[in-house]
Amino acid sequence: MHQLWLIPALPFAGFLINGILGRRFSKSTVNAIAVGSVAISFLWALKTVLGLGEERIFEHYFDWIVAGGFQVGCDFAVDRLTAVMLLVVTGVGSLIHVYSVGYMAHEGGYYRFFAYLNLFMFFMLTLVLAANYLLLFVGWEGVGLCSYLLIGFWFRKKSATNAGNKAFIVNRIGDFGFSLAMLMIVINFGTLDFATVFQGVAGKPEPVLTTIALLLLVGACGKSAQFPLYVWLPDAMEGPTPVSALIHAATMVTAGVYMVSRSFPIYLHAPSALEMVAYIGLFTAAFAATIGLVQNDIKKVFAYSTVSQLGYMFLGVGTGAFSAGIYHLMTHAFFKALLFLGAGSVIHALSGEQDMRNMGGLRTKIPWTFWTLLMAAIAISGVPPFAGFFSKDAILVSAYHHAPWMYWVGTITAGLTAFYVFRAMFLTFFGEYRGHEHPHESPAVMTLPLAGLALLSIFGGFIKIPVWLEKFFPVAEAPEETSLVLISVAAGAIGILVAYWMYIAKPGLADSISSRLGGLYRLVYNKYFVDEIYDAAVVKPVVAGSRVVLWRGVDAGLIDGAVNGVGSTSQGFGGWLKLFQSGNIRSYATWVLFGSIILLLTLGLIGAVR
Amino acid sequence: MDVILFLIFAIIAVVCAVNVVVQTHPISSAISLIGVMGSLAVLYLLLGAEFLAMAQIIVYAGAVMVLFIFVIMLLNAGTEAKRGRSLTAQLLGLPLLIAFLALASYFSQRFYPGGAAVHFGAFKGGTAQNIGMALFTQYLLPFEVTSALILIAIVGAVVLARKEL
Amino acid sequence: MNFFLLSVLKAAVVAFVLLTTLAYLQWVERKVIAHIQVRMGPYRVGPHGLLQPLADVIKLITKEDLIPPHVNKFVYLLAPFLAVTMALISISVIPFGTEISIFGNTTWMQLTDLNVGLLFILAVSSMGVYGIALAGWSSNNKYSLLGGLRSSAQMISYELPLSIAIASPLLLVNTLSLREIVQAQTGSILHWNILRLPAPQIISFFVFLIAGFAETNRVPFDLPEAENELVAGFHTEYSSMKFAAFFMAEYANMVTVSCMTAILFLGGWQPLFSPAWGSNYVPTAIFVIAGLIAISHGLNPARRLDRITLPITGVVFLLVGAVFLMPAVQSALIPLFWFAAKAGAILFLYIWIRGTLPRFRYDQLMNFAWKVLFPVALANLLVTGLIVALT
Amino acid sequence: MTSGPPLAWYLILSAVLFALGVAGFLFRKSIITIFMSIELMLNAVNLSFVAFSYQLKQVNGHIFAFFVMVVAAAEAAVGLAIILTVFKNRETLNVDQVNSMKY
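Residue numbers (numbering that gives the first Met the number 0), protein chains in the order written: chain A, 0 to 609; chain B, 0 to 164; chain C, 0 to 390; chain D, 0 to 102.
Derived by calculation from the structure, the hints in this document are not laboratory data.
Even glycine gets a Cβ: it sits at the ideal position worked out from N, Cα and C.
Don't take each hint at face value.
Said to hold, decoys possible - Derived BS3-like pairs: lysine-lysine, alpha-carbon spacing no greater than 30 Å straight-line:
# : chain 1 : residue 1 : chain 2 : residue 2
1 : B       : 123       : D       : 56
2 : C       : 72        : C       : 62
3 : C       : 9         : B       : 123
4 : A       : 463       : A       : 26
5 : C       : 72        : C       : 58
6 : C       : 141       : D       : 87
7 : C       : 72        : C       : 141
8 : D       : 87        : C       : 370
9 : A       : 46        : A       : 463
What the hints assert, rightly or not - One-sided and incomplete, this derived list gives chain C residues near chain B with beta-carbon spacing under 7 Å:
#  : residue
10 : 114
11 : 118
12 : 121
13 : 122
14 : 125
15 : 126
16 : 128
17 : 132
18 : 136
19 : 148
20 : 151
21 : 170
22 : 171
23 : 175
Generate coordinates for the entire structure from the input sequences, incorporating the hints supplied.
Pasting the structure below:
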């Protein structure tokens, strides 16, 4: 036994202790429990992964559901795919926990924040370790819950609670798809266990598998913020920045990618569904990148960047390069967490200012943050030999071999990515300082995790995930082609240069371009009016329908009418019946006796007839 | 022998029960009721319910009725007042009562005609062991619910009887 | 022999012995209390006051039977009757010894053995409270009423720890029949419930003893008849035989509780150690030693009369010791001896405590029952149950 | 063996006791006596349970009777507490004078 259960149990213990008793603890105690539990969990995960061979480790704890022939156990399993996720989740999670100690130092509800964070770790690890779909779904819903709780952490802010609700409700759509997929799997396979399901895939008809795969994709789209269900993620930036880094960049939103990769045998037997994954990924990547070009809120930029990068991962997975998708998942976790934490550090330095138009020139004032953030920006732009280069390259190569036009769209998107990230960098750190606050460098407890993540962003690409997962995914690896690599690197470089040209060399050029392309700019700036379309197409009809049909019609008309009718009818009867209510207990008893005689008579007669 | 014992204790029970109803002083009623319970305990023994017979005396005669007498003594309840009346009970009570008694006796006779005679010792399933086995296996849930009921009753009694209510 | 005849005979013997015991128990009590208080006690009627009980009985019978005019007559007369009946009835299920054979009839030294004997005793003793409560109420006297109220509250309260204390040894012996309870404790003192492995019932023993004191309204729990507060409590208005009935009930209850203690915890008629180690000679030894002491005192008398009485007593003791050596009666008398010795020891404890301890205050009494005895008994039951379940 | 009383006698005795309990409830005015009449009815029903248990040679009837006893004990505790409270507030034990719960 490898005692896999310890990995999620430790954060859960931390959650229980902090959640129940945290109010009475000092901050250092809360820190020690929260950070310590996650760190030990990381070490245990590391120990487990180091002892991992080609075979998976499987542990059965107890039977959870036994209903006839259908059986779901509480099982954990670790294979090479899980191993990557485990280390990313616990490793990045630990760093972000440490960072949070500094970031949240002056916030109310300190213990509550760490309790939620630990709870999130517990559910995320359950999701990753689960050896069947149902347990995965438990983690899936659990991280959704924690996401909701943490987005709405500042629950006194109306926008924060609204964003939490939005995330929760949009995710419901995806979860509905996932639930349907699970039901389909139960009907067709009779089990939810990964190993059994994947063994039985070969003999099943393709339409069934395609349906399952598409429904799973709906779930993945919800959780991983893919078009058309991406709308919650930008709003989720209302939560504290470490939450954005941990949940909405590094770990939870990648659950969809993980789930699709985990279900790869199904997808391999449903090529049209896999194609769909690629289309959605590619479209989301390009679409979100364009929105990212014009955002002014630093966290919003990175949020759309996250959506875009997740689209990349889907593209990789959809074109059959599962290991490339996971590769990018890992490197993305490093540099996107770093971007968010860096952004958080900037916001911290400016005491809560998030608008980039009020920043600038911070390079010298907060050098640690600047340098680390720069590493992340370079990594995401795909400059060799930084982490992002390798994984993005692997995806693009795979896309080229799948369909060349996909490669070109992806490459342009890469250029856009480099542009908007460096736009954010230049607006924030270069030029004149345009704000009013006095910037101050963050404490070491925040900068040290930044440094750690910066190292990972620089050298993380040398952790060759495709090699590690070579035998895991039975898909032929696309051969490297130097020309393609050069083109994508060039796209990144062009993006950086354009950003430099527009924001450093000729400031003002950006404004003139945006005014010249007024209509297009407004369209992109308002995020293609997707929220408004959803509002008009979905939210308004539902609200109006509820108001007219459910409230006026069903509630006021039917239910109230029935209730009031019952009331007035009883009143009428009661006026007559109240004569029996003499207040004299003995007359009541007489009536009870009368009734019991009638009962006795009836029962006796029935008995006599029988 | 069985008939004689039954008749003796049935007559004691009925006489005491009549006494419960006709005595005007609560203490006399209570003592008569203890008599009913005691003779019922003997009848239980005749029916082979030895554990229940003892429980009847311990619980009813030994605890419940002591509580009654305690309260009667505490309130110094005297002879019943003549005031107050209930027309319904007065008018309908007696005919209904007679009807009830007639029906119950008729159906008892009808569904259990004379044949099945009761002999002391014919049924030995009422020992403490039998009751315990049934109580702690088949009827465990009701038993536990009962304990909750008693706890609630204790709390209720304490709250009700407090001075500052 | 006819079953009915035998039963009647046994009942007669037991009743005679019990009533005599009750009468002399009072004499013993007066003597012991007197010696504790450095007095002589009854000394005038018969040698060492030995005929005092007889004189008391005659006095009580011949006294005028007074019924106060303001009482509820029926209840007033019912109460002492109830008290003494309920006190005497429980002796019918107590086993005094093993099987004996007289004139070819084998029979147990017990009136009857019920499957639910223990419950029977509990039931009967719970009825005993009516005697006192009704007596207090019917006397139409505020002291009596208070005494009656106190006693009913006290007896109900102490019945709970008493019952729970009984339940723990039952877990060890698995029966409610008193005879089987004793038979389950066969062996030396280490097999008695009080010391028996795996769960020695020492705590239970003390809880039972204390609750038993309270149930019998004995010092230090004699609040229902606290002279200095309530004149004489519930029997203030009673005189002559009715008063004697209450007195008898109290002593009969003492005897019952002592017998119950002996049976439940001290192994009933089982000897202190195995007959193989010579326990059969213990009674002889005790009587011989007592006889020799009496004779040696008689040789050097403190009073003139002792010159005659003490040697006679000594010789009687020696003879009794010799009787215990006869194999024919050994099997019958030795269990009886052990049982009487154990019950007698508890009775002596009763008297001893009366001579030493003051009375509780009423709130202390209730607190003690509900906040000390009850939880202790409950915890003991829990621990015993756990141990029995685990072994 | 034919000398035993028929089971119906027990049931009729039970019915008689029950009817007497009802009579006490209907024709008496003292709350305490009425309460005792309820106990009498419960006892009568218990007798039926035990008699049926004998007839069916099963222990179930005893269990029911046992539960009735427990409920009766709980009821007595609460009921007598209520009586005490009623007496404290209205200084009467006559049920006909405790009749404010009406239209």
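Right, here's what the structure says about each hint:
1. With a C-alpha separation of about 8 Å, the suggested pairing of residue 123 (chain B) with residue 56 (chain D) holds against the 30 Å cut-off.
2. This hinted pair checks out: residue 72 (chain C) and residue 62 (chain C) have alpha carbons roughly 19 Å apart, not beyond 30 Å.
3. Taking the CA atoms of residue 9 (chain C) and residue 123 (chain B), the gap is near 27 Å; set against the 30 Å cutoff, the hint holds.
4. The hinted pair formed by residue 463 (chain A) and residue 26 (chain A) fails the criterion: a straight-line CA distance of about 39 Å is larger than 30 Å.
5. Only pairs whose Cα atoms come within 30 Å are accepted, and residue 72 (chain C) paired with residue 58 (chain C) is accepted, the gap being roughly 24 Å.
6. Our distance criterion of 30 Å between C-alpha atoms is met by residue 141 (chain C) and residue 87 (chain D), whose separation comes to about 20 Å.
7. Between residue 72 (chain C) and residue 141 (chain C) the alpha-carbon distance is near 17 Å, which keeps this suggested pair within the 30 Å criterion.
8. Distance hint between residue 87 (chain D) and residue 370 (chain C) is fulfilled; the C-alpha atoms sit about 28 Å from each other, no more than 30 Å.
9. Taken as a hint, the residue 46 (chain A) and residue 463 (chain A) pair is honoured in the structure, with Cα atoms around 19 Å apart against an allowance of 30 Å.
10. Interface restraint check for residue 114 (chain C): the shortest CB-CB distance to chain B comes to about 6 Å, inside 7 Å, so the restraint holds.
11. Given hint, residue 118 (chain C) at the interface with chain B, holds; its Cβ is 4 Å from that chain's nearest Cβ, closer than 7 Å.
12. Because the closest C-beta pair between residue 121 (chain C) and chain B is about 6 Å apart, less than 7 Å, the hint holds.
13. Checking residue 122 (chain C) against chain B by beta carbon gives a least distance of about 4 Å; that is within 7 Å, so the hint holds.
14. Below 7 Å, beta-carbon pairs count as interface contacts, and residue 125 (chain C) has one with chain B at about 3 Å; its hint therefore holds.
15. Interface hint at residue 126 (chain C): satisfied, since its Cβ lies 6 Å from the closest Cβ of chain B, which is below the 7 Å cut-off.
16. The beta carbon of residue 128 (chain C) comes within 6 Å of a beta carbon in chain B, closer than 7 Å, and the hint placing it at the interface holds.
17. Residue-level restraint check for residue 132 (chain C) holds (minimum Cβ-Cβ distance to chain B is 6 Å; threshold 7 Å).
18. This hint holds: residue 136 (chain C) has a C-beta 5 Å from the nearest C-beta of chain B, less than the 7 Å allowed.
19. Nearest Cβ of chain B to the Cβ of residue 148 (chain C): about 6 Å, under the 7 Å cut. The hint holds.
20. Residue-level restraint check for residue 151 (chain C) holds (minimum Cβ-Cβ distance to chain B is 5 Å; threshold 7 Å).
21. Hint on residue 170 (chain C) is violated. Least Cβ distance to chain B is approximately 12 Å, over the 7 Å limit.
22. Taken as an interface hint, residue 171 (chain C) does not check out: its beta carbon lies about 16 Å from the nearest beta carbon of chain B, beyond 7 Å.
23. With 7 Å as the threshold, the beta carbon of residue 175 (chain C) comes within range of chain B, its nearest partner Cβ sitting at about 5 Å, so the hint holds.
Of the numbered hints listed earlier, those contradicted by the structure are 4, 21, 22.
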